[in-house]
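Student: Okay, here's what each chain looks like letter by letter:
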Amino acid sequence: MKITIDDKVIEALPGDTVMSAAKRADVFIPGLCHDDATGGGNNCRLCMVEQVEKGREKLIAACALPVKDGLVFSTRSQRVARIRKTLLELLYLQAKDNPTILDLMEKCGVVPPTSLPEKEKGKNGIDGCILCSRCVNACAHLGAAAISTIGRGVIKEVNTPYGKEAEVCIGCGACAQACPLDTIPMTDTEEGRTIWNREFHWIRCESCDAIISTKEQYQASLKKLREKGAPLPEHILCPDCKRRYMADVFSASLGESES
Amino acid sequence: MDENTILERFPPDKRHSLAILQEFQRQFGYISEKNLQQTAAYLQIPLSSLFSLATFYKALSLEQKGTFVIKICDGTACHIRGSVPILEEIKNALGIDEFQTTKDGLFTLEVVNCVGSCAMAPVVICNEKYYGNVKKGSGTALVNRCKEEKNDE
Amino acid sequence: MNKLLLVCCGTGCIANGALDVVAALKHCLAEDKKDNAVLLQIKKTGCNGFCENGPIVTVLPDHITYYKVKPDDAKEICESLGKHPVKRLLYCTENGEHVLSREENPFYSLQHKIALRNTGLIDPGEIQDYLEGGGYSALRTALSMEQEDIISAIEKSGLRGRGGAGFPTGTKWRSCFEVPGEVKYMLCNGDEGDPGAFMDRSILEGDPHSVLEGLLIGAKAIGAHQGFFYIRDEYGLALSHVQKAIEDARKHGFLGKNILGSGFDFDCEIVRGGGAFVCGESSALMASIEGKVGEPRVKYIRSTEKGLFDKPTVLNNVETLANVPYIISEGWESFASLGTGESKGTKVFSLVGKVNRTGLVEVPMGISLRELVFHIGGGIPEGRPFKAVQTGGPSGGCIPESMMDLPIDFDTLKENGSMMGSGGIIVMDDTTCMVELARYYVAFLAGESCGKCTPCREGLRCMLEILTRICEGKGCLEDLDRLEELAFAASHASLCELGKTAANPVLSTMTHFHQEYLAHILEKKCPAGVCKALIQYKIDPVLCKACGLCKKDCPTAAITGERKIPHSIDQSLCIKCGACLDVCPFGAVTKE
Chain V
17 MKITIDDKVI
27 EALPGDTVMS
37 AAKRADVFIP
47 GLCHDDATGG
57 GNNCRLCMVE
67 QVEKGREKLI
77 AACALPVKDG
87 LVFSTRSQRV
97 ARIRKTLLEL
107 LYLQAKDNPT
117 ILDLMEKCGV
127 VPPTSLPEKE
137 KGKNGIDGCI
147 LCSRCVNACA
157 HLGAAAISTI
167 GRGVIKEVNT
177 PYGKEAEVCI
187 GCGACAQACP
197 LDTIPMTDTE
207 EGRTIWNREF
217 HWIRCESCDA
227 IISTKEQYQA
237 SLKKLREKGA
247 PLPEHILCPD
257 CKRRYMADVF
267 SASLGESES
Chain L
3 MDENTILERF
13 PPDKRHSLAI
23 LQEFQRQFGY
33 ISEKNLQQTA
43 AYLQIPLSSL
53 FSLATFYKAL
63 SLEQKGTFVI
73 KICDGTACHI
83 RGSVPILEEI
93 KNALGIDEFQ
103 TTKDGLFTLE
113 VVNCVGSCAM
123 APVVICNEKY
133 YGNVKKGSGT
143 ALVNRCKEEK
153 NDE
Chain W
2 MNKLLLVCCG
12 TGCIANGALD
22 VVAALKHCLA
32 EDKKDNAVLL
42 QIKKTGCNGF
52 CENGPIVTVL
62 PDHITYYKVK
72 PDDAKEICES
82 LGKHPVKRLL
92 YCTENGEHVL
102 SREENPFYSL
112 QHKIALRNTG
122 LIDPGEIQDY
132 LEGGGYSALR
142 TALSMEQEDI
152 ISAIEKSGLR
162 GRGGAGFPTG
172 TKWRSCFEVP
182 GEVKYMLCNG
192 DEGDPGAFMD
202 RSILEGDPHS
212 VLEGLLIGAK
222 AIGAHQGFFY
232 IRDEYGLALS
242 HVQKAIEDAR
252 KHGFLGKNIL
262 GSGFDFDCEI
272 VRGGGAFVCG
282 ESSALMASIE
292 GKVGEPRVKY
302 IRSTEKGLFD
312 KPTVLNNVET
322 LANVPYIISE
332 GWESFASLGT
342 GESKGTKVFS
352 LVGKVNRTGL
362 VEVPMGISLR
372 ELVFHIGGGI
382 PEGRPFKAVQ
392 TGGPSGGCIP
402 ESMMDLPIDF
412 DTLKENGSMM
422 GSGGIIVMDD
432 TTCMVELARY
442 YVAFLAGESC
452 GKCTPCREGL
462 RCMLEILTRI
472 CEGKGCLEDL
482 DRLEELAFAA
492 SHASLCELGK
502 TAANPVLSTM
512 THFHQEYLAH
522 ILEKKCPAGV
532 CKALIQYKID
542 PVLCKACGLC
552 KKDCPTAAIT
562 GERKIPHSID
572 QSLCIKCGAC
582 LDVCPFGAVT
592 KE
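Protein chains in written order, with the numbering used here: chain V, 17 to 275; chain L, 3 to 155; chain W, 2 to 593.
To be clear, the hints were calculated from the coordinates, so they are not data collected in a lab. The reader is advised that the hints may include incorrect statements.
Chain W side only, calculated, beta carbon under 10 Å to chain V, not exhaustive [unchecked claim]: (1) F267; (2) E306; (3) G448; (4) S450; (5) G452; (6) C454; (7) R458; (8) R470; (9) E473; (10) L481; (11) T591.
Even glycine gets a Cβ: it sits at the ideal position worked out from N, Cα and C.
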């Protein structure tokens, strides 16, 4: 399929959105909330562009609109510029001085606003959340569904139930990695990890002592194996040592069969 | 009705989450942490998901409310006919802000969306009893009346 | 002689004591039975529409309607039956004329009831009442029609969604009908949330079967076998009446398997809302039924293709569905003969606020705002000057006096910065501050926004802060530019219609009442005398006769003064409630 963005014709594959096709062709459309791994998004609205059809323009969200052959888009309208400016200002108010936001602002030619009202801090101790929900989706898909969005409207925020230590959190850090602005506080030390007000301890490789993951994350993966009826590992090994171990096992069994 | 009776009335399907929590709300006046956990376990959904629901919908409360729940309708008709001065008056009389409960646990004050009695605007509801055409300056008297009527029951 | 007394028992009238009136009438009936030749039947009905004048009692077959009836009036009413009407309970027009019947009441003139055809006349809890009036005959007809033909009739009638969006109903049904699939859903949107609007509530309370019948016909047309009523949590009476209607319909074979022997299966259940205005939005409503938070989704793939549980779904408003049986029974031509070119049929409006005759009216579309407010509504109380009318709720805008001759329909108001919306018409006089009104609507939406997308959530937050500051006298001219930019982003970049229309009240008041904004910003004055920070209550020492009435009524003891000493107000304690001004017999209290 072929679509046109700002007079540049680019390739699109089945299943593409305007955003994913643009990304592949190195055409810049700003966006923070869409996650290729977990989907979701459609909420930062930075990716709004004009769809041009029969001489008329219609604003659409690039990360949401599925691509069809022959569609034409423009990012250069006055409307798009006006929207991006206000949206970046509003995002800035939520995540002051965040390097990613500042970068985006520079790229779009927007300066930090000086007279719009500040946003009050929430109760979750996180500075600079833009409520893209990527962490929530990552936790639901890859982690333990320990966090969610609380409340609605202006006071909406991401937190664990009751703001307490979530019993189910496994300290995997998927949320922190998914966050486009790196605002989820996560501290890693030699002993373990602190995240969402909870302390986790590492489980280490029996062979080389490398950090594998938190104990809880390891337990969670064992649980998944048990549920699938798969065999459980006999030793606690990091990926490298596991490979060496399996190689030894294979070569030993080959050696046996050959002799 | 106890907790298990409430849960058993519904098949363990996620789509009944809101209805189940509303039953707890109706029976106990709020949803306790224990009830929320029981419901999550029954429906086999993450607690975080259910907590999100419980904090999204205003019909649900995670906190115990006062003996008297005073609701001031701030629908447009009531608003134009003077709901705000009455709210200010009652806030002043009780010493709390809206969506708060007095320290003695007697009163919870809420501001609610249009209750559909626009012809009697402004409307104040105390423990589901409607008071219409509430006059300016009569907020304190109304609070006392609510107390009396409830004590009489 | 046989007399039938209809007593309005809609939520509004019940709050005004209608059930006590019913009890009192029944008591008189029991007493009278011994000697009287009057055979009396008392029937509880749904909303009559003339809500500020309830409780309402209508005597049939005489067609005499009594207003503001109290339990104590029951005896007199019963004694007057067949003799002469109780004059003091009749409606009295501005000309001092007492009118006997509903038809002669100017409130009901110009009205043409289709959606409200039964409301106020039947007992909504009695399916027999509905059947006697021809109920479910449209369903019988539809069950014998081809799906194509049902859809065609609705398309030709020109029926458009009555919930606010005005999407052509026939087109919606057709697009869902064309999607292949065994499992489809037919939904009724009863999440009426616009403050000041109670049309859907009254229809669900007063004539639930008409909506159920419409739902059934729609289900047949699109090929759905399961349906849901999504009804606002706060609508207790509507919920119980619809539940009863569903149970009675099942007993009569209108719901379930092989309905009326047609081979068509359909059943439905009620889902109760959770107190979220945003759940009136179609995709948020469907998410809510699925047990999720009511967050809308982008709709590049329409719900008619993939809606509830990812199946083809049609969602229609209560009033829209109430019109459907009429169109099938009476014919699409009958419906299409009313209204205007693009806006066929009638519309139910709730006429509230500063207007003499408040309540629910149903009129053909195309009527002008002026006719609605001044002819049917009887104009502004106390002869105060008209200022504006708000239409379309928080998604709509304000219409000033100069535009009152505009016809009310789907498109004209939209072209003029407002919209008809679900039908709420709020009338305002010179004591309403338009800046504070904009702030009120933005505050409402800020609390109801689902919070998912940036332009709505953060845009409303900023707009609210700015408008609050302006009402406190702390605004500046740049604030108006900032409001415009925030409004632009919300209107064009929001994910759903709540966000997209959130700025309408702000933009329309800024356009039509710009002077009021300037007064707040430049002069720090509120011309309507509403914004607390900009008004002060003062007692004129010359006019004050020290009668002490104001001091007695003051809720914060802010007034000091003794006998023969002019009273004064301590501004630091005054909460600006205005009770003193209301009570002073000498006009000594002023608001400035």
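Student: Against chain V, run the beta carbon of R470(W) and see if the smallest gap drops under 10 Å.
Tutor: holds (8 Å)
Student: Please verify that hint: L481(W), Cβ, nearest Cβ of chain V, below 10 Å or not.
Tutor: violated (13 Å)
Student: How about E473(W): closest beta carbon in chain V under 10 Å, or not?
Tutor: violated (13 Å)
Student: Hint validation: R458(W) versus chain V, beta carbon distance must be below 10 Å. Holds or violated?
Tutor: holds (6 Å)
Student: Against chain V, is E306(W) within 10 Å by beta-carbon distance?
Tutor: Interface hint status for E306(W): violated (12 Å vs cutoff 10 Å).
Student: Identify whether the interface hint at F267(W) stands, where standing means a beta carbon of chain V within less than 10 Å of its own.
Tutor: violated (33 Å)
Student: At a threshold of 10 Å, is the proposed contact between C454(W) and chain V supported by beta-carbon distances?
Tutor: It holds, given that the least Cβ distance between C454(W) and chain V is near 4 Å, below 10 Å.
Student: At a threshold of 10 Å, is the proposed contact between S450(W) and chain V supported by beta-carbon distances?
Tutor: Constraint on S450(W) satisfied, holds at 4 Å.
Student: Closer than 10 Å between Cβ atoms is the bar; does G448(W) clear it against chain V? Give me holds or violated.
Tutor: holds (6 Å)
Student: Quick check on the hint: G452(W) CB to chain V CB, less than 10 Å?
Tutor: Nearest chain V Cβ about 3 Å off; hint holds.
Student: Would you check whether T591(W) satisfies its interface hint, that is, whether its CB is within less than 10 Å of any CB in chain V?
Tutor: violated (35 Å)
Hints 1, 2, 9, 10 and 11 from the list above are not met by this structure, while the remaining hints are.
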